[in-house]
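What follows is each chain in one-letter form.
Protein chains: 4
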Amino acid sequence: MKTVGIVGANGYTGSELVRLLAYHPNVELGFLYSRSNAGTKISEIYADLEMVCDIELTNEISAVDIVFLCLPHRESKNWLSQNSVSENTLVIDLGNDFRLDGKSLDRNFIYGLPEINKSDIAQAKSIANPGCFATAIQLALMPLANKGLLDEVYTTGITGSTGAGQSLQATTHFTWRNDNVSAYKTLTHQHVDEILQQVISLNNKEVSLNFVPWRGDFARGIFTSSTIKTDLELTDINQLYKDFYAEAPFVKVSDRAIDLKQVVNTNRCVIHVEKNGNVIVIHSAIDNLLKGASGQAVQNMNIAMGWEENLGLDLKPIAF
Amino acid sequence: MKTVGIVGANGYTGSELVRLLAYHPNVELGFLYSRSNAGTKISEIYADLEMVCDIELTNEISAVDIVFLCLPHRESKNWLSQNSVSENTLVIDLGNDFRLDGKSLDRNFIYGLPEINKSDIAQAKSIANPGCFATAIQLALMPLANKGLLDEVYTTGITGSTGAGQSLQATTHFTWRNDNVSAYKTLTHQHVDEILQQVISLNNKEVSLNFVPWRGDFARGIFTSSTIKTDLELTDINQLYKDFYAEAPFVKVSDRAIDLKQVVNTNRCVIHVEKNGNVIVIHSAIDNLLKGASGQAVQNMNIAMGWEENLGLDLKPIAF
Amino acid sequence: MKTVGIVGANGYTGSELVRLLAYHPNVELGFLYSRSNAGTKISEIYADLEMVCDIELTNEISAVDIVFLCLPHRESKNWLSQNSVSENTLVIDLGNDFRLDGKSLDRNFIYGLPEINKSDIAQAKSIANPGCFATAIQLALMPLANKGLLDEVYTTGITGSTGAGQSLQATTHFTWRNDNVSAYKTLTHQHVDEILQQVISLNNKEVSLNFVPWRGDFARGIFTSSTIKTDLELTDINQLYKDFYAEAPFVKVSDRAIDLKQVVNTNRCVIHVEKNGNVIVIHSAIDNLLKGASGQAVQNMNIAMGWEENLGLDLKPIAF
Amino acid sequence: MKTVGIVGANGYTGSELVRLLAYHPNVELGFLYSRSNAGTKISEIYADLEMVCDIELTNEISAVDIVFLCLPHRESKNWLSQNSVSENTLVIDLGNDFRLDGKSLDRNFIYGLPEINKSDIAQAKSIANPGCFATAIQLALMPLANKGLLDEVYTTGITGSTGAGQSLQATTHFTWRNDNVSAYKTLTHQHVDEILQQVISLNNKEVSLNFVPWRGDFARGIFTSSTIKTDLELTDINQLYKDFYAEAPFVKVSDRAIDLKQVVNTNRCVIHVEKNGNVIVIHSAIDNLLKGASGQAVQNMNIAMGWEENLGLDLKPIAF
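Protein chains in written order, with the numbering used here: chain D, 1450 to 1769; chain A, 1450 to 1769; chain G, 1450 to 1769; chain H, 1450 to 1769.
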């Protein structure tokens, strides 16, 4: 039994880790760290945890085998530099502090997209967990990048409200968001750099990614469609995708049309490719809090600890 | 490893059993029976099952240890009389054929509400799984019935669209149901008889239940509020509820306001009692497809097979 | 052309008045008062008003013929005592400051439920606009109260998120509220006193109202079901309702099941009565921002000004 | 007062015309034609019409001044050839039978996008009303096409469930569609030809349109984002858009981010342009049943009859 600490446990991704790890067979929760909510039980913040986890949030850390950082972007580095974490402790950061440049604070963060980096993750003591849109879009593009086939990519993606975190904002007010769709950070989303860094390193030549993110009127999930030009036949493209993900337990390349809800409450990504003329569209869907955040973090932990990749991640889909 | 057959596997409750049993450690799926969809893979009907279960629906049965009947109401008796099921096979019916009168076809169906009937269920070879509203309302009322405190009950309950099944109807059309609320079967819902039969047998005197069911604009869940008069103090009522459910692993009597989504995608029931003057209101919430149907069926199976009650039922809540 | 001032124009009911009055043939907007947003255009707060109304919010008032007060509860009296409004100006308060006791500040506020009080409203210079739940429940109960038939009433009502106003709260966060239902202010909602005062004055004997309000996962609308005992025949009850509302242009007593969305974006109330044994259930539905607030305020203005009751209120239903 | 007949009045767009025309000052409803529902009141099908329109559907036509055809695609031509409509009657077809080739059956259908074709529409006796996606996308592209600036366009659009009509389908089942997003007709949507025909005739050179339509989990509305390359400055583009729509009463080029719900239940289109590097994204939003269908049909009627363009179209936005 390994012990786990979660820093920022009072947020969405932190609490989702609690939900996952409460039933994980190989770990037990050590501390749940929160500066703002120390002294409060996590189940007082998230009522669904009432029968799952009775632990109080704390602002003191103790020695654990694994630490997950679920802090706002740009706060992980601060926290790590101010708190003493053993070099033997596996650190998995769900923020974006170490995704573009993993060498920091005497640690070497490995980019934690298991479908690309599994062998490096298996050796890692520090893992930078990918962003949610970054996961959905990379999984849609990597098989093509791997063959150097990417050039110009046009992607639209839609995300649920949990992507915006638990803070109250005009755009997360129910009255505004219900039945609504809107665009934000058009062409300038912070995940573009992260995606391009990874994609280009496989593609071996420049890629341009024109990404239009939308806010959707649902709580969980990301759906993306990426359009590119290629002369490849659809059957060859599908084969290429299936080969690329042959060993990936959480990625399914589907021959049928996909929909967002088939992956909600799972750690899976489903992908479907369509072609018309010399244009292909690659659709991908994930649960932004699972494969896009906390589920992938557990997957990375499993790999880094030498456990089965899907341990604690055989989740019943919501389905309906 | 015990083998399981699911009759009517192509419906919502049948497919939900597949989702649950696919990860249940003590069983494996034997057959998935469907007359109308024989020859089709269940994952072709429910895309979320693509990576979970690859079994084809069939219209032939084989010998199994446990059979779940997930048929439209009034078809279970027919099916059982036309198909030969060993008397040693545990039969769990999710329909309403045997809830009011369990002695039928040389079998003796035990009413499968574990919080009331656990010892009988443990001995049973035939179990009548309760209805969804019937579960939510009985769990709200039983601690009072157990003390003979029920007289006149006024209940309103709201249910998600999965309660209406997968058939296409005017009232399950997205365009109509989105953002909508409506009443149906006012004072005449079929679960009233089932509830009263159980409640009165504990209450030991007549109870009248005025039940107004509503359709809600969500897919999963039931929320009910029951109003009754009593002179008991609120602290005594809460104690009575907590004592009554002290051994029930899936029922939580909460001191805080509850909300529907805290139980969605779990097998739990949360209950909260409030009082003003001599009037109390008992709120209860369940996931209609889990504690209200397939989850409770697995709970009953676990008890009847002598396994841990929560085996395969430690489900991650959807939470958001 | 009469001039109108709206105090608290930056809130939901205030902005809804702007939407209604922008197309009202007999009035023009004088001032839109807001202390917190003075200097901002109302269309900067509510984007849907971009092509409708270009007026800037102000914290100075000018002479107008009609003033609507759309302030938080208990602030209308303050505002009126601190600002000089001519005694000839028609004042319509959408808050609850004058509903229970209309005689205040040298004014005599008439309770503005036109279906009960039309002749008094026609003479009034000060009108206390009813609450949203209060409107839906009174319209459901008044025909029985009018015959002294009310005794014990059990009501459940569900409201959209606009009922909670525009402030950001945990219970109006999209992530929490989407697909969720919860109870609040059980048996203690502030509208109960307002309802009972009016209902009892018609009923001529005591009435007890056990009201359980729920939060729904939609933005607009209120649906209520009230259960009472009576020996009257259903046909007689229906006749009584139809007679009572024979002259009410916005109330429909329907012979068919009703649903919330049929009144959304209209000033209407639909009512449907069902009976089983000696128990009847009266369902009613309104749009909480229209017949439950701003629409009814315009209806009251029309009556008080001697105009057609439905002027500016022939609104296209959202329907879908 | 002119008389109107609606053919296919029992569908979504037909019933939406009833909602609009019931309050239109210059017309009265003559007949509501429906083969399948003759003898039924339209208010029995659409409960929101109970207090608006009491007319029975009929399968016989009478002489009227204006006929709207709201039939499934490819049935308008049939209906017109089988029914005798005077050549003096204004015919407005909401289907796609005459959009690509308007010369048919001795009539000359003008493509009814008023922002492009107003003078032709003013002279027309036959109008082909544009498709819903076609309206939203053309309004987003036309100012650029008008300057010959279009080359390669990448568009994603999301539509509400009303776009799929009232028939019950797997993809309009509430249980499936709630909280869901999916793609359909990728790169092959039937509106692409219609859009290109119009756009190219302004652009004066080839345009390629890569269009990915999505199904959204809301009932009304279309939101689109179109990405193209250009060296123009953003201020110049905005000026170009504002000039192009200077005389269009229903189109707003907004300097602020737009959202879908600001146009729901209105006949408006809002457009917002953003730029990064040499890439621009044009967002547009409409209500698919109004500016995308029935509202635009009334707008076309107004123009063809010589009335104010916005007559009967000053609709209160749903806003929330």
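Please keep in mind that the hints were generated in silico from the structure rather than gathered at the bench. Just so you know, these numbers come straight off a predicted model, no measurement behind them. Each hint should be verified, as a subset may be incorrect.
Capping the alpha-carbon separation at 20 Å, the derived lysine to aspartate or glutamate pairs in DMTMM-like fashion look like this [to be verified]:
#	chain 1	residue 1	chain 2	residue 2
1	H	1701	G	1682
2	A	1490	D	1704
3	A	1678	G	1600
4	G	1678	A	1704
5	G	1634	A	1600
6	H	1724	D	1601
7	G	1724	G	1682
8	A	1634	G	1682
9	G	1634	A	1723
10	D	1691	A	1493
11	H	1490	G	1704
12	A	1634	G	1600
13	A	1701	D	1655
14	D	1678	H	1704
15	D	1596	D	1655
16	G	1724	A	1601
17	A	1654	A	1642
18	H	1678	D	1600
19	H	1701	G	1601
20	G	1574	G	1550
21	D	1724	H	1601
22	G	1678	A	1601
23	D	1634	H	1704
24	A	1678	G	1601
25	H	1678	D	1704
26	A	1574	A	1477
27	H	1691	G	1704
28	A	1634	G	1704
29	D	1490	A	1704
Footprint (simulated), chain D over chain H, 3 or more residues, beta carbon under 8 Å [claimed, not checked]:
#	segment
30	1475–1484
31	1670–1677
Backbone N, C-alpha and C fix where the C-beta goes; we use that ideal spot for every residue, glycine too.
The hints, checked one at a time:
At roughly 56 Å between alpha-carbon atoms, residue 1701 of chain H and residue 1682 of chain G are farther apart than 20 Å, so this suggested pair is violated. Of the supplied pair hints, the one linking residue 1490 of chain A and residue 1704 of chain D holds, its CA atoms being roughly 14 Å apart against a limit of 20 Å. Annotation: proposed proximity of residue 1678 of chain A to residue 1600 of chain G holds, straight-line Cα distance about 15 Å (limit 20 Å). The suggested pairing of residue 1678 of chain G with residue 1704 of chain A is violated, with an alpha-carbon distance near 33 Å, which exceeds 20 Å.
Of the supplied pair hints, the one linking residue 1634 of chain G and residue 1600 of chain A is violated, its CA atoms being roughly 24 Å apart against a limit of 20 Å. A C-alpha spacing of about 17 Å is found between residue 1724 of chain H and residue 1601 of chain D, which places the hinted pair at or below 20 Å, so the restraint holds. With a C-alpha separation of about 8 Å, the suggested pairing of residue 1724 of chain G with residue 1682 of chain G holds against the 20 Å cut-off. At roughly 19 Å between alpha-carbon atoms, residue 1634 of chain A and residue 1682 of chain G fall within 20 Å of each other, so this suggested pair holds.
Distance restraint check for residue 1634 of chain G and residue 1723 of chain A: the Cα-Cα separation of roughly 10 Å lies within the 20 Å cut-off, and the hinted pair is therefore satisfied. Restraint check: the Cα-Cα separation between residue 1691 of chain D and residue 1493 of chain A comes to about 19 Å, which is no more than 20 Å; the hinted pair holds. Proximity of residue 1490 of chain H to residue 1704 of chain G is assessed by CA-CA distance (about 14 Å); at most 20 Å being required, the pair is judged to hold. Proposed proximity of residue 1634 of chain A and residue 1600 of chain G is contradicted: the alpha carbons are some 24 Å apart, above 20 Å.
Our distance criterion of 20 Å between C-alpha atoms is broken by residue 1701 of chain A and residue 1655 of chain D, whose separation comes to about 56 Å. Taking the CA atoms of residue 1678 of chain D and residue 1704 of chain H, the gap is near 33 Å; set against the 20 Å cutoff, the hint is violated. A threshold of 20 Å between alpha carbons decides the hint, and for residue 1596 of chain D with residue 1655 of chain D the separation of about 13 Å falls inside it, so the pair holds. A threshold of 20 Å between alpha carbons decides the hint, and for residue 1724 of chain G with residue 1601 of chain A the separation of about 17 Å falls inside it, so the pair holds.
Proposed proximity of residue 1654 of chain A and residue 1642 of chain A is supported: the alpha carbons are some 15 Å apart, at most 20 Å. Using a Cα cut-off of 20 Å, the hinted pair residue 1678 of chain H and residue 1600 of chain D holds, with the two alpha carbons roughly 15 Å apart. Only pairs whose Cα atoms come within 20 Å are accepted, and residue 1701 of chain H paired with residue 1601 of chain G is rejected, the gap being roughly 54 Å. Pair hint residue 1574 of chain G plus residue 1550 of chain G holds up; C-alpha atoms about 15 Å apart against a cutoff of 20 Å.
A distance of roughly 17 Å separates the Cα atoms of residue 1724 of chain D and residue 1601 of chain H; the hinted pair therefore holds under the 20 Å criterion. Our distance criterion of 20 Å between C-alpha atoms is met by residue 1678 of chain G and residue 1601 of chain A, whose separation comes to about 12 Å. Note on residue 1634 of chain D and residue 1704 of chain H: the hinted pairing holds, with a Cα-Cα distance of about 15 Å set against a maximum of 20 Å. Between residue 1678 of chain A and residue 1601 of chain G the CA atoms are separated by roughly 12 Å; this keeps the pair inside 20 Å, and the hint holds.
Taking the CA atoms of residue 1678 of chain H and residue 1704 of chain D, the gap is about 33 Å. The hint is violated against a cut of 20 Å. Only pairs whose Cα atoms come within 20 Å are accepted, and residue 1574 of chain A paired with residue 1477 of chain A is accepted, the gap being roughly 19 Å. For a cut-off of 20 Å, the pair hint linking residue 1691 of chain H to residue 1704 of chain G is broken: about 51 Å separates their Cα positions. Using a Cα cut-off of 20 Å, the hinted pair residue 1634 of chain A and residue 1704 of chain G holds, with the two alpha carbons roughly 15 Å apart.
The suggested pairing of residue 1490 of chain D with residue 1704 of chain A holds, with an alpha-carbon distance near 14 Å, which does not exceed 20 Å. Counting residues of the segment 1475–1484 of chain H whose C-beta lies closer than 8 Å to any C-beta of chain D gives 0; at least three are required, and the coverage claim is violated. Note: the segment 1670–1677 of chain H has 4 residues with beta-carbon separation from chain D under 8 Å; the three-residue rule is met and the coverage holds.
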